[in-house]
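S.K.: Sequence:
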Amino acid sequence: MEQSHISFEQVVSRGCGLDVHQENVVATIRGNGLEEQTRTFSTFTSSLRDLVAWLEESGITHVAMESTGFTGSLFLIY
Numbered sequence: 001m002e003q004s005h006i007s008f009e010q011v012v013s014r015g016c017g018l019d020v021h022q023e024n025v026v027a028t029i030r031g032n033g034l035e036e037q038t039r040t041f042s043t044f045t046s047s048l049r050d051l052v053a054w055l056e057e058s059g060i061t062h063v064a065m066e067s068t069g070f071t072g073s074l075f076l077i078y
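Using my numbering, the first residue of the sequence shown is number 1, and each one after it goes up by one.
Just so you know, these hints were derived from the structure itself, not from any lab. Mixed in with the good hints there might be a few duds.
Stated by the list, open to error - Here are the computed distance ranges between Cβ atoms for each label pair:
1. S46 <-> Q3: 39 to 49 Å
2. R39 <-> G69: 21 to 31 Å
3. R49 <-> S4: 34 to 44 Å
4. F44 <-> Q3: 25 to 35 Å
5. S4 <-> F44: 40 to 50 Å
6. N24 <-> G59: 30 to 40 Å
7. E9 <-> G33: 28 to 38 Å
8. H5 <-> V26: 21 to 31 Å
Ideal Cβ placement from N, Cα and C applies to all residues, glycine included.
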């Protein structure tokens, strides 16, 4: 079977994907001038503030979030 390749135009220079769970948040950053990194943070306020600091230090401009019904506390941190 022949495999096809799909490419997308990059529209965000530095972004983050979040996978939100009840007890932790897994974050991956990618972008121009960045080495792809993945880190896991707890959902305690202090840890979420560490996540925000990491994103700011990395110059992240956009975040996409995936969650199954547990997002409330994330919107209150920033």
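S.K.: Work down the list of hints and note, for each, if the structure agrees.
M.R.: We went through each hint and held it up to the structure:
{"no.": "1", "hint": "S46 <-> Q3: 39 to 49 Å", "in the structure": "holds (45 Å)"}
{"no.": "2", "hint": "R39 <-> G69: 21 to 31 Å", "in the structure": "holds (23 Å)"}
{"no.": "3", "hint": "R49 <-> S4: 34 to 44 Å", "in the structure": "holds (43 Å)"}
{"no.": "4", "hint": "F44 <-> Q3: 25 to 35 Å", "in the structure": "violated (43 Å)"}
{"no.": "5", "hint": "S4 <-> F44: 40 to 50 Å", "in the structure": "holds (44 Å)"}
{"no.": "6", "hint": "N24 <-> G59: 30 to 40 Å", "in the structure": "violated (24 Å)"}
{"no.": "7", "hint": "E9 <-> G33: 28 to 38 Å", "in the structure": "violated (18 Å)"}
{"no.": "8", "hint": "H5 <-> V26: 21 to 31 Å", "in the structure": "holds (27 Å)"}
Checked against the numbered hints above, the structure breaks hints 4, 6 and 7 and satisfies the rest.
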